[in-house]
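Engineer: What follows is the residue order along each chain.
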Amino acid sequence: MPPDGGLLDLELTEVAEQIRLREISPVEVTRATLDAIAVHDSTLSAFITVTEESAMQAAEAAEKAIGAGYYLGPLHGVPLAIKDIVSIRDQRSTSGSKILADHVPAEDATVSARLRASGAVFVGKLNMHEFAFGVTTENPHYGTTKNPWNLAHSAGGSSGGSGSAVAARLCYGALGTDTGCSVRLPASYCGISGIRPSIGRVSNFGVGTLAWTLDTVGPMARSSADCAAMLSVISGYDARDPQTSKNPVPDLTGDIERGLAGLRLGLIADYSLEGLQDDVRLSFEQALALLEESGATIREVPIPDLDLATSALMTIDIAEPAAYHAQWLRDRPQDYGDDIRTLLEQGEMYTATQYIQAQRYRSMLHRSFTEAMHDLDAIITPSVPYTSPRIGERTVSIGGKDIGLIDAIMRYQALPPLAGMPALSVPCGFSSEGLPVGMQIIGDAFDESTVLRIGHAFQRLTDWHRRKPPLLS
Amino acid sequence: MTTGQPLSAEQVVALLKFAGIQIGNERAGQLATASQELFAEVNRVSAFMGPRREIGMDVKFSHAQDRTEG
Chain A
1 MPPDGGLLDL
11 ELTEVAEQIR
21 LREISPVEVT
31 RATLDAIAVH
41 DSTLSAFITV
51 TEESAMQAAE
61 AAEKAIGAGY
71 YLGPLHGVPL
81 AIKDIVSIRD
91 QRSTSGSKIL
101 ADHVPAEDAT
111 VSARLRASGA
121 VFVGKLNMHE
131 FAFGVTTENP
141 HYGTTKNPWN
151 LAHSAGGSSG
161 GSGSAVAARL
171 CYGALGTDTG
181 CSVRLPASYC
191 GISGIRPSIG
201 RVSNFGVGTL
211 AWTLDTVGPM
221 ARSSADCAAM
231 LSVISGYDAR
241 DPQTSKNPVP
251 DLTGDIERGL
261 AGLRLGLIAD
271 YSLEGLQDDV
281 RLSFEQALAL
291 LEESGATIRE
301 VPIPDLDLAT
311 SALMTIDIAE
321 PAAYHAQWLR
331 DRPQDYGDDI
341 RTLLEQGEMY
351 TATQYIQAQR
361 YRSMLHRSFT
371 EAMHDLDAII
381 TPSVPYTSPR
391 IGERTVSIGG
401 KDIGLIDAIM
411 RYQALPPLAG
421 MPALSVPCGF
431 SSEGLPVGMQ
441 IIGDAFDEST
451 VLRIGHAFQR
461 LTDWHRRKPP
471 LLS
Chain B
1 MTTGQPLSAE
11 QVVALLKFAG
21 IQIGNERAGQ
31 LATASQELFA
41 EVNRVSAFMG
51 PRREIGMDVK
61 FSHAQDRTEG
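In order, the protein sequence lines correspond to chains A and B.
Mapping of the first sequence onto our numbering: position 412 corresponds to residue 412, and the numbering continues sequentially without gaps.
Mapping of the second sequence onto our numbering: position 39 corresponds to residue 39, and the numbering continues sequentially without gaps.
In case anyone wonders, no lab produced these hints; they're calculated from the structure.
Backbone N, C-alpha and C fix where the C-beta goes; we use that ideal spot for every residue, glycine too.
Don't take every hint at face value.
[Claimed, not checked] Which chain A residues stay away from chain B? Per the calculated CB distances, all over 12 angstroms, these: (1) Gln91; (2) Glu348; (3) Arg390.
[Claimed, not checked] What the simulated footprint calls covered on chain A by chain B, stretch by stretch (three residues with Cβ under 8 angstroms from a Cβ of chain B suffice, anywhere in the stretch; the number is not a length): (4) 58-72; (5) 355-362.
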């Protein structure tokens with residue numbers, strides 16, 4: 001039995017139930033979480049700031065309220081951590097940068113305020129790729145985040161701290177942000193679950209910008225059910241973010257129990273199963289077989305011109321950040337990490353027509369996906385075609401060929417942000433090296449409910465999401 | 001549509017100067033090299049979309065695809 005009595009092995013929804021029943025206390029859970037951070041974070045570099053004092057105060061308040069009969073719901077008294085690009089009032093919020101190293105926001109982001117109002121306990125701010133503009137979380141200012149499954153391997157990015165902390169049981173759930181891949185990639189590398197919601201489902205108020213037309217905030221946790229619990233709280237219209245939708249938020253936690261029977265899943269013809277590392281192919285095919293045996297039907301659907309998705313994403317996802325960072329790039333270029341500065345300078349050289357052509361491609365892709373979804377409930381792909389590379393590697397080997405890291409990541413990851421669809425990454429196996437393999441479930445716009453339902457049903461049939469990194473054994 | 005050509009270091013300096021950013025020749029050379037592959041990718045999308053005049057830019061797309069309102 002580990003020193004915490006197995007408390008940290010519980011999933012968010014499981015610890016929440018024990019808190020509700022007063023079998024364990026928020027103070028006990030928060031203390032155990034902070035102790036685990038103290039033990040492991042010097043190795044993992046998952047946190048930029050640990051907010052011990054305010055976390056214990058929030059835990060004590062939660063304990064008192066629950067004891068007095070004021071239970072606020074499934075996040076009450078549960079320790080969560082927040083990517084450092086999301087504002088928490090009176091806490092340093094660096095966006096992983098030197099430029100904002102001393103930035104202390106006076107108010108919460110809407111997502112933080114909603115989590116706080118639901119009784120969540122914030123244990124800290126998480127490491128990330130500088131300004132969320134990269135995929136490795138090799139951060140020159142706050143250290144490189146490690147993957148708990150193998151410390152020599154990448155935790156991914158940009159929400160690498162979120163992926164690493166959840167996998168290492170240093171919090172029960174985390175917020176990440178996803179512009180091109182930044183929730184789903186670290187979720188896949190670290191063997192956890194992470195959802196990118198539809199654009200407009202969750203407010204971006206108080207969240208640092210990377211690319212306005214792509215940015216989303218998304219929950220990362222051990223299971224699909226945990227993600228549903230967090231997404232239920234942070235979703236919905238916000239007058240302070242004009243991009244948020246007035247679409248009603250469905251019952252995400254209730255809907256996930258409906259199982260797989262009758263669901264129609266699509267594989268993208270000549271794409272979902274192409275160009276995969278052998279271990280990824282094996283795990284993904286086994287996952288598909290399991291989904292089919294359990295009542296889902298699977299068929300291939302053609303979606304044309306996907307080979308341009310990476311190009312379109314890289315156009316938009318470099319031009320928009322260049323516009324956002326224009327003043328800092330001119331005033332403080334030396335304060336950026338070299339990779340970020342290079343990308344921003346490249347963005348300054350794009351033409352307006354190149355940017356518009358990429359947005360037009362996006363409109364076309366959105367129509368193609370919407371059409372495909374007319375008689376499907378979700379489209380399934382691997383999250384990425386390979387497993388986490390070693391830290392510092394910029395190519396991955398697939399089928400004996402070295403492929404550039406960005407090309408390999410974006411093959412599947414670029415599709416949901418460009419098409420505007422929600423997507424969930426869940427673990428679906430492990431490589432022979434013991435590294436997690438992820439499966440991506442893409443839903444129709446604003447249908448997070450079905451995506452989470454499929455993830456949850458899959459996780460009731462498997463235990464990949466319950467496996468524990470060797471670091472913790 | 002034809003695709004564009006890679007930029008030289010001198011062209012990088014000139015382009016960034018036009019945008020109000022000063023960089024040295026050495027950095028311009030590195031940037032020109034680093035940009036070749038990326039700009040080729042950017043040009044692929046432009047070359048593909050250029051002739052497809054029937055496809056617009058769905059401005060509402062970036063504003064939440066709100067089906068109940070749209």
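Engineer: Compare the structure with each hint and give your call.
Structural biologist: We went through each hint and held it up to the structure:
Non-interface call for Gln91(A) relative to chain B: holds, since the shortest CB-CB distance, roughly 29 angstroms, exceeds 12 angstroms. Not every CB of chain B is more than 12 angstroms from the CB of Glu348(A) (nearest about 5 angstroms), against its label as outside the interface. Chain B leaves Arg390(A) outside its interface by the beta-carbon criterion, the shortest separation being 22 angstroms against a cut-off of 12 angstroms. Counting residues of the region 58-72 of chain A whose CB lies closer than 8 angstroms to any CB of chain B gives 0, which falls below the minimum of 3, so the coverage claim is violated.
Coverage of a stretch by a chain is defined here by at least three residues with a beta carbon nearer than 8 angstroms to that chain's beta carbons; for the region 355-362 of chain A and chain B the count is 7, and the condition holds.
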